[in-house]
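With chain A held as given, fit chain B onto it using these hints.
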Amino acid sequence: MKYSYINPRKKSIFTPELQLLLTFFSVAFFMLIATYMFLVFKDYRFVKDKSDILKERTDLNSSIFTMNKKIAFIEKESMLAEKIYTKNAVLKDSISNLFDLVPQRITLSQASLLKNGLILYGITPNKDIYNFMLQAPLRSIFQKSYSSFYPAKNGWLRFVSTNYMGESDVRVNDADSPEELIGEN
Amino acid sequence: MKINISRPNIYLLIVATILLVCVLLFSFLVLIPNGKKYREQRIELARASQELRKYEDFNNQTLSKLKKLQSKNRYIISAFSAIFNPDRFEKENSVFFESLKLSKLELLMQKNDFDVYEVNTTSKINSPKSFYNFLDSINKSDWIISVNFPINFKREKDMIRSSFTMKVYSTHKKNL
Chain A
5 MKYSYINPRK KSIFTPELQL LLTFFSVAFF MLIATYMFLV FKDYRFVKDK
55 SDILKERTDL NSSIFTMNKK IAFIEKESML AEKIYTKNAV LKDSISNLFD
105 LVPQRITLSQ ASLLKNGLIL YGITPNKDIY NFMLQAPLRS IFQKSYSSFY
155 PAKNGWLRFV STNYMGESDV RVNDADSPEE LIGEN
Chain B
20 MKINISRPNI YLLIVATILL VCVLLFSFLV LIPNGKKYRE QRIELARASQ
70 ELRKYEDFNN QTLSKLKKLQ SKNRYIISAF SAIFNPDRFE KENSVFFESL
120 KLSKLELLMQ KNDFDVYEVN TTSKINSPKS FYNFLDSINK SDWIISVNFP
170 INFKREKDMI RSSFTMKVYS THKKNL
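Line by line, the protein sequences are chains A and B.
Each residue of the first sequence is one higher than the last, beginning at 5 in the working numbering.
Each residue of the second sequence is one higher than the last, beginning at 20 in the working numbering.
It is worth saying that the hints were derived from the structure and are not from the lab.
Heads up, a few of these hints could be off.
Keeping only pairs whose Cα atoms sit at most 35 Å apart, straight-line, the calculated DSBU-like set for lysine-lysine is [to be verified]:
| # | chain 1 | residue 1 | chain 2 | residue 2 |
| --- | --- | --- | --- | --- |
| 1 | B | Lys21 | A | Lys80 |
| 2 | B | Lys159 | A | Lys52 |
| 3 | B | Lys159 | B | Lys87 |
| 4 | B | Lys159 | B | Lys148 |
| 5 | B | Lys86 | A | Lys87 |
| 6 | B | Lys176 | B | Lys130 |
| 7 | A | Lys80 | A | Lys52 |
| 8 | B | Lys86 | A | Lys59 |
| 9 | B | Lys123 | B | Lys159 |
| 10 | B | Lys56 | A | Lys73 |
| 11 | A | Lys91 | B | Lys73 |
| 12 | B | Lys55 | B | Lys91 |
| 13 | A | Lys54 | B | Lys86 |
| 14 | B | Lys123 | A | Lys157 |
| 15 | B | Lys55 | B | Lys110 |
| 16 | A | Lys59 | B | Lys73 |
| 17 | B | Lys176 | A | Lys91 |
| 18 | A | Lys80 | A | Lys59 |
| 19 | B | Lys86 | A | Lys96 |
| 20 | A | Lys131 | B | Lys148 |
| 21 | A | Lys74 | A | Lys46 |
| 22 | A | Lys148 | B | Lys91 |
| 23 | B | Lys176 | A | Lys80 |
| 24 | B | Lys176 | A | Lys96 |
| 25 | B | Lys73 | A | Lys96 |
From a predicted model like this one, the values you see are computed outputs, not experimental measurements.
Excised from the complex, chain B in its bound form:
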């Protein structure tokens, strides 16, 4: 049996075969590897986005923790950063003392972001109660101050002369 195919049809068949081979080559050599790569990248991106969301959540949690801490300790933070003003201190605490004198503020030490200043105090009180009230009020003052030993009380007629050392704690290094 003789198959009779015309010459134009043979050309057509050759062109169709060449084009089909090109399509197949392009698909298998270029498109399929790229498609695989795209799928892998999509999974990787989804994973990275998920991880980023975790970071964002943690960042938000940390921020809210920080805000809460800042608002809870607003008074302490401002007290630590406040510049100690001896005149204002004397004025504010003059109600507890008949007389109150502060020596010059001296830098005692710097450690772990904190500066500690020392100031010696001599005062006159008419009863120990005034001193208790002063110790109560010092915890509510605008600065972080500790009253330190030694504390001396000496009777002088109807008054008591007291002398003690105060330490002012600050995070403000340059401004005190």
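Isolated chain A (complex conformation):
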């Protein structure tokens, strides 16, 4: 019987070639999975970022809408205030012009300023002075002008001058109503 004098070589399934192969593929798989994980993470971040951007856009949209509403309202306030200030200034000029119109020899006892008319009560030394010095300028301003006279105690004449513009009668209510000033919008 023959015996071997060397010890038996341990045989392993993991030969150096297989180890090399497994190492190579392990590194390759690791890199592939790392890339995959990166892509999955980026996909998750994309969904999150997209939803954040959408939310931010909605917030900005609503903020812009609110601000635009405020801007429109301030512009409306400013326009209305300007109209009112102009109206008051025009009113002041109208009253000033009216009193400048009355000559010194004629004395007014009452004046009613209407939107499109004017009623004056007063006293005049005679009709000529009234006609030349008050009636003439009133006629140039108003489309219709009526005067009536009645004698005063001192020999002068009391007069009532009714003047108005346009076809309609004198309107007591003004046309620059708040509805018109504020407008439709």
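Just chain B now, kept in the frame of chain A:
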């Protein structure tokens, strides 16, 4: 010619082929579609971010416009929201009149976010100049007020009795 490949090498070759197929399958079926999707998403995100920046710019522009308007019209805004105080009005304008009386403030109308209140006024002045000064000062008052027709002036000895209607405009609905 006979190729002599040992059995372990054949196993090694089979394992290597299987692993290579797995790598290729994973790459082509999973990684490449995901990579394409990532590239598309990156472009989409960049576009959305650009759009968002435009919105932010527009928002900033609108905000600066609003601030500018608010600072330019600060006086008008506060005048519209101010609560009309008849006593204070009488006190502030008493310099123009010998006497000034206001009737009770009444709500005339509500339209387009504005309330309009009406107040009748009777006063005594010693010259029309006082009334002009009053009309000048009313545009600088703490409220938005318009003086309306009809306006009556009646001589009473050395004084002039005037009566007119004022309209107070307000955005303050409940507090007036």
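- [ ] Could you tell me which of the numbered hints above are not met by this structure, giving the numbers in increasing order?
- [x] 1, 2, 6, 7, 10, 11, 12, 14, 15, 21, 22, 23 and 25
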